[in-house]
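In case you want the letters, here they are:
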Amino acid sequence: MAADARTLKQLVLGRKDVQDLSDIEQELPPDLMTVNMGPSHPAMHGTVRIVLTVDGEKIIKGDVQPGYLHRCFEKEAEHATYTQVFPYTDRLNYVSPMINNCGWAMAVEKLMGLTTKIPRRAEYIRVIVSEMSRITDHLTCVGASAMELGAFTPFLYLLKSREWMYELLEKVSGARLTHSYVRVGGVSQDLPENFGPELTQVLDRTAEVMVECQDLLNNNKIFHDRMAGIGAITREDAIRTGCVGPIARAAGVDYDVRRDFPYSVYPELEFDVPLGTTGDCYDRYLIRLEELKQSMRILRQCLVQIPEGPIMSDDHRVALPPKAATYNTIESMIRHFKHIMDGVRVPAGEAYSFVEGGNGELGFFIVADGTGRPYKAYCRSPSFVHLSTAEMLFKDHFIADVVPIFGMINMIGGECDK
Amino acid sequence: MSDVAAPTTPPAPAPAPDHVTLTIDGQSVTVPKGTNVLEAAKLLGNDISAFCYHPGLPIVAQCRQCLVSIEKNPKLQPSCQQVCVESMAVHTTDAQSTLARKQQLEFTLVNHPIDCPICDKAGECTLQRLYFDHDNADSRVDTQKVHKAKAVDLGPTIVLDQERCILCSRCIRTCDAVAGVHQLEFANRGDHEILTTAPGEQLDNPYSLNTVDVCPVGALTSKDFRFTMRAWELEATPSVCNGCATGCNIELHHKNDRAWRIVPRHNEAVNSYWMCDEGRTTYHELREDRLAAAVVDGLPASWDKAVQAAAKRLGVFLTRDASQVGVVLSALHSNEDNFALAKLAKLWGAGHVYVAGKPLVPARADGRLRVADVNPNATGVKAIAEALGLTLLPTLELDRGTPANLRALIILGDVVPGLDAVKLKEIEIISIAAHERGPVPHAKVALPCASWAETGATTTNQKGLVQRMHAAVTSPGAAIAGWDAVVRLAAATGQKLAYAHARDVFKDMTATVPAWKELTWQRDVRPLALRFAGSRG
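Protein sequences appear in the order of chains A and B.
All residue numbers for the first sequence refer to the working numbering, where the first residue is 1 and numbers rise by one.
All residue numbers for the second sequence refer to the working numbering, where the first residue is 1 and numbers rise by one.
No lab work stands behind these hints: they were computed from the structure.
Do not take every clue at face value.
[What the hints assert, rightly or not] Straight-line distance between alpha carbons at most 30 Å, and here's what the computed DSSO-like set of lysine-lysine pairs gives: (1) K323/A x K42/B; (2) K255/B x K376/A; (3) K150/B x K75/A; (4) K148/B x K323/A; (5) K117/A x K58/A; (6) K376/A x K42/B; (7) K221/A x K58/A; (8) K117/A x K376/A; (9) K423/B x K117/A; (10) K423/B x K346/B; (11) K323/A x K145/B; (12) K323/A x K102/B; (13) K58/A x K395/A; (14) K223/B x K150/B; (15) K72/B x K110/A.
Full structure from sequences and hints, please.
What follows is the structure, encoded as structure tokens:
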């Protein structure tokens, strides 16, 4: 009778009970096992699939398969005017869209020979919104990583702080996340009234939040144990694999585009480039914390130094005429029409221009053929390069280590998959 | 093929005696004697701005937009009228001519209305393009603009906006040179000068809409097209007009799978820069009375069922006596459609082969572009039948009496003169047609096929020139290419026509018709978005 019941159970469940397994069957299987992480997994930033080959808990191989967020950014750009590409750049690194905006604008300006002719107020505004974006980027990275390691409180604190930034950026551009704020030749609109005091207040409050979070995280045993010594990369490997930004700097690569290839008004601003020593996740975390402080330092200087003046170049090749002139003179009407319909006319040529993005050197390469849209556009996205190191970093770690390593690589799907 | 690009004049090291060599902005160029400086500059990729100059029209040099400086000549010269001379040194980018262009544009814009948002020409406007490329400065005018009449009805096809007119006279010359009638003139002087019809005349000639094409601004607008679609939203696909046997080269402008207008495409061998008004309206037909699904005995059916039904009806005759079956080719269909059907007729051993088409319209022939034969492909059908050794009879012969043994007809197309109601009842009709009219509603089985704008094919004009048409829009419902319908019908009757693509039909056809041996299939072209066409206007 009992045997019959077991048989029935086996039929229904399709497997044996543990007590029915033989001794050999009860041991762990000796073969390697394949475990899927993602594409939809809470610890996957964006949508990305990692196929882990594990020996017990140890990772033998972590095959990273990106591409789920591919939107044909580069191909789409060929079919849009130079100005229409800005919304697409918003969706690259969507945690710091302003920097992408600036990068694209600077590449087009380089082609047009406008780099030194952007009004100074516009340059300052660009730096302000870029640094605000860097702050939102790092806050997200640190907050999300902490949460994935079980520290929920800092996540809420840091994202609350990020929201203050977003609110301010929304006042500037009209959109919370996808700003499309920068234009070739300047920015689309001036800073809102009372922007300086509001930003100062946000910075002050963010500084307080950061102190709280540092207290919660820096010497937190769980956090420290899961970050320190995990996913380390040597200086040589970082250079060899093309790492940039916080990851490279954590490994001791002294490179920051803002300082080494100065653009915009960065030469007029004082800031330090923090460097790490071990190149592990904990160093990356500390670097991001320090960069947050440096960004705040830059912002405070900008608020003091920003001059009054125009926010758009007066070059008729890029500047839209004022609305009053558009509606009342045929010359401006045609110019407006041509700018919107045909696009900013960029002379034939090619240019590579790069800025320091949230994740490091963000570059745009454009081939222009003299029309209003790019003949070819290419984006050197740091996330894509960094993701290529992931397999190397995962090796010989535990499955649980994937989370902090991946979090500190800060792969942003939109930017990586383009 | 007509679409092969004309080779550009190569800079010959030792110029022939009928050529001259000159330098433009320091670049040397050799051109045939008699070429004007503007055309010579074009060879170097330098598009000197101009409003009144048109390569297909007499030169008047009245817009003064193309002024250039020529060494040893104290005054600027209009490059359109200036003939190239040996060792001439022309400058188009020096301060003097650059300023002249800018000032001329500023002058042209003084009284131009602020109409771009409501103007049909916006997006393909020469004035917009030249201003943006050569001037791009702010307005300095602080006086009122001179106002003129806004919507002047010039005739049955065209409306004039006198304010927009920049008085280039291209339209006047087009009427004179292309249509051979003097129907437009300038009146008044100074900034009150206007374009108007000649005394006692209307702008009413078969080539009137060419004036709309050549108008560098939106002064002349086609009643057929105006306010229907913004020019920059359209896409252009090259094709050939199916309005008559001339086969004017055209561009079909379409958007969202619907054709919106037809404009001529330059081909010196056929139509130069022009086409007739009648041809331009043929796009309307693409949406009229279309047969979108196969029909069996008056009821819609699937392709498979319809083809089986046709094969069953034909099988009775084909197995007994194939000479009871007749085939009607169409002078309105492409070479490929006709060749496939003619080939099938041969495989069957059909007893009668006819050709159908619209009757001649002798009044249409004017010695210019319009001819009496309003069928686009009569020449092609003839050549195909000859090559396959088929005796071709016009369907009008049926009027004199149906051959006693004619029991079934496979008809291509919807125009079949000579078939009256009685005959339509007596004979089993299988129809392959794009439109549901003529004999098609009487057919026992009707198979829907694509029109000329919906499939890649070739057509043969009156002079025997085989020209390529490209697919611009998708065909409605279940309609497929005519040759494809024939292939399916053939398969159902147990015959094999191994064609998978129009190219296969074309290859078989050119191997069969001796005169077409050298022809090659031109690859499909992708539609060109007018918004990004750059140099339009």
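Checking one constraint from the list: CA of K148/B to CA of K323/A, max 30 Å. Satisfied?
26 Å, holds
Quickly compare the C-alpha distance for K423/B and K346/B to 30 Å and report which way the hint goes.
24 Å, holds
Can you confirm whether the C-alpha distance between K323/A and K42/B stays at or below 30 Å?
36 Å, violated
Given pair status - K395/A, K58/A, alpha carbons within 30 Å
8 Å, holds
Need the status of pair K117/A, K58/A: alpha-carbon distance at most 30 Å?
Violated, at roughly 56 Å.
Given the hint that K323/A pairs with K145/B, does the C-alpha gap stay at or below 30 Å?
19 Å, holds
Need the status of pair K323/A, K102/B: alpha-carbon distance at most 30 Å?
23 Å, holds
Does the structure keep K221/A and K58/A at a Cα separation of 30 Å or less?
22 Å, holds
Between the alpha carbons of K150/B and K75/A, is the straight-line distance 30 Å or under?
44 Å, violated
Hinted pair, alpha-carbon criterion (30 Å max): K72/B, K110/A. Please report holds or violated.
40 Å, violated
Given the hint that K223/B pairs with K150/B, does the C-alpha gap stay at or below 30 Å?
14 Å, holds
Holds or violated: K117/A with K376/A, Cα cutoff 30 Å?
25 Å, holds
Checked against the numbered hints listed earlier, the structure breaks hints 1, 3, 5, 9 and 15; every other hint is satisfied.
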